[in-house]
Amino acid sequence: MKEHELRALIDNVKDGKLTRRSFVNRMLALGLTAPMASQMLDFCGVARADTKFNYKPTKRGGGGALRLLWWQAPTLLNPHFATGTKDQDASRIFYEPLAGWDSDGNLVAALAAEIPSRENGGLAADGKSVTWKLKQGVKWHDGKPFTADDVVFNWEFSSDPETATVTSGSYKDVKVEKVDDFTVRILFDKPTPFWADAFVGTAGMIIPKHLFVDYKGAKSREAPTNLKPVGTGAFKFVDFKPGDMVRAEAFADYHIPNQPYFDTLEMKGGGDAVSAARAVLQTGEYDYAWNMQVEDAILKRLETGGKGEVHVVPGGNIEFIQLNSTDPWTEVDGERSSIKTKHPAFSDPAVRQAMMLLVDRKSVEDHIYGRTGVATANFLNNPERFNSKNTKYEFSVAKANELLDKAGWKKGADGIREKGGVKLKFVYQTSINAPRQKNQAIVKQAAQQAGIDLELKSVVASVFFSSDVANPDTYPKFYADIQMYTTTMSQPDPDRFMNQYCSWEVATKDNKWQGRNSSRFRNGEYDKLYKEAQGELDPVKRAALFIRMNDIVVGPENGTIIPVVYRPRAHSRSKTLRADVSGWDNDTWALARWYREA
Amino acid sequence: MAGSTLASPSAEAAAPAQQRAPTFSPTREAWRRFRRHKLAVISAFILGLMVLAILIGPLIWRIPINQIDFAATLQGPSWKHPFGTDDLGQDLLARMLYGGRISLAVGLAAMFVAIFVGTIIGAIAGMSRGWVGSALMWLTDLFLSLPQLPLLLLVIYLFRDTLKGTFGPEGGTFILIVIVIGGLRWMPVARLVRAQFLSLREKEFVEAARALGASKVRQVVRHILPNALGPVIVAGTIDVAAAIIAESTLSFLGLGFPPDIPTWGRLLFDAKDNLDFAPHWALFPGAAIFLTVLTINFIGDGLRDALDPRRVL
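Chains as they are written, first to last, in our numbering: chain A, 1 to 598; chain B, 1 to 313.
There's no promise every hint is true.
[Stated by the list, open to error] Sample of chain B residues facing chain A (criterion: CB under 8 Å; computed from the structure):
1. Ile-68
2. Asp-69
3. Leu-88
4. Pro-259
5. Phe-290
Think of the hints as simulated: they come from the structure by calculation, not from any bench. Note that the Cβ used here is the ideal one computed from N, Cα and C, for glycine as well.
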């Protein structure tokens, strides 16, 4: 569909000839959907539909206890210091952002009175500012009123480099000013197509100024409220044992009438994904378990227990394989995998293409992930409008062999190919997780048939995903030839997600391996496209730019990325629990609306 | 002195009877005693069978350990796959035979390291009368009080890459694990050996040897050590079991062998999620570890009986 056809359709929606929903459906059919489509409509000034969740209870409370099981336990409850989703999810029980993302990628107001749009004057025409109107009458759990000062304070708190927050990426490049007690304005220094980052979703939770004002800067980690949160959410704090248990109870003054339904809430942490699934699906000890990183066959068997069901919501997470562009076995200036080196084998496109042919994605989907992982050729899969249709994947040992033969990689006496003294022997690392080890085994077997020897390595997840500068086994260090993990997309917009291939984001010793580009992918065209997309206000053109970027990173000429399966977010929940879960926000983003039905 | 008093007439009368009993070499005597421990003999037979299976099994059962077959996942035992298959359709018998080599080799090698180090340190401490003995025992106490797991992690992080570079991923890991497990389990052996030495070195036969001019080394090797070996062997057999289990722990933490090397501990770990619907997957490696540990303990028990000179059988 061409750009002008799209615009005609959008005009139809404006005139009321086409409903919003049918527009979204048509975009879906075209492979460009939900969140993107609705953002297109927003941009063109079409009023957004209210997202409705069918909430039946007619009074607050009376629902008894809600028992959640997070198999990674939260360790602190300040959203600005939350490392990983576990801490974010636990913080979200108590704190709320101005708005969250629903499962279709639409914004839903929480502490905002309305979602900014062109009509209500919230979005500036030049794309350089957003004005948020705040909900009035909202109270913190200690009874103090919530005002614009709190919002502005969160920006000051998070953007202060001394505070060292993990959310600073969303705040450091913007300016926030208070317009009146219930209005704030975010100013960008250049036109910004994706404006819903600061104060929205996972990075947007608002903490109270009156309790944190003394703990801004270097003292931030000492705030007692880091462990005893006082928020605006539907549940207020009772008790927290880091690494084990969070307890909360319904907040009597919550700003939405009749919510929450549950009187108390407990979030138990620890264990592993399979036992968590069992506790919900088979024994029914818990109502909800997060992040079902379990082979589908096991989930299906547990579901026959009849106590619960597995639900899958679309999101942007992807399990993918990175081929190192740099040499992990040569140390330069105190670091391996330095960008001053080149990988001896992967610098040959034929070897990279052969590796792409040797990953049997269909089998990985069919025999490991099932409902929880869909084979894909793309790195960027969702929202649909960003999903490239130009790519395809194939599994063929014969073709890989042919390619390598042609490129001059000859099999040696041990059956391993080599050329010019370089052997195709690679170390393939990932975290310890049963589906990943099976995936490794499948790739290894195929590679063996093509004369490539893979040494498998698995690292405990808490080490692999840690940011410990001293540890050589973390994924940002990438001291291996090949590595595999899932990268999460926390917003229905690829702006943050796709910066992990920009050359300035490369993880190096200089930035203490904090750069997001762990694969060390570097490509001038990619960098240019990314910069262009950052300033492109037209969502249709912007989508095209992101699709082009995706095609470069997974493409045969320059690509070093092998997407394996796109992973929708899966969770287990009790059959009686009605939960509103979104793939674009924390699992706990709408806890206030959860209820039970017999 | 008791030795100078005349023996009683009754004792003298008994002496000829003892002389009439057939005399055996110490080895033969030990074997005779060992044979009387029924469980030990049966255990030795079973363990021998397992070792034999592991050594020649892969030559007969020729299915590759990593042959993936999605058409045959999680199958129970059948003629085609006597031990069934795992969730990738890999043949469990082939994997167990291969993994058994590693598990048993790790167990036995770690035991030898532990016994070797423990005996040397215990012997030196037991023989020396000055500060050396106390210093060595302090060292032993120090090692006993070390937290093992963090230390293991540290050692592995420090030396893994060097060893892997020199001996390859499997060989390097093997050496590392054997040294680390053996190196952290010698302390009980050292204490046992020292205690034995302290009492044995004062015995008359050692005094006699010393009086005849035997060097310290000769006293230890010819006279004291053979008499001290009984408890050491028992401690050693327990170490085999501990080493097999420790290797599983390390593999579980991702610090042992690469994940595609099916040691028994690894097989058990992989099987745990499927325990309720594919019990065969866990039962076979579990039974193998169980049998190995049990038989080795019985054999150790039998050996102690056989080698203890003070025990009358």
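Against the structure, the hints:
{"no.": "1", "hint": "Ile-68", "result": "5 Å, holds"}
{"no.": "2", "hint": "Asp-69", "result": "10 Å, violated"}
{"no.": "3", "hint": "Leu-88", "result": "6 Å, holds"}
{"no.": "4", "hint": "Pro-259", "result": "4 Å, holds"}
{"no.": "5", "hint": "Phe-290", "result": "23 Å, violated"}
Hint compliance for this structure: hints 2 and 5 are not met, and every other hint is.
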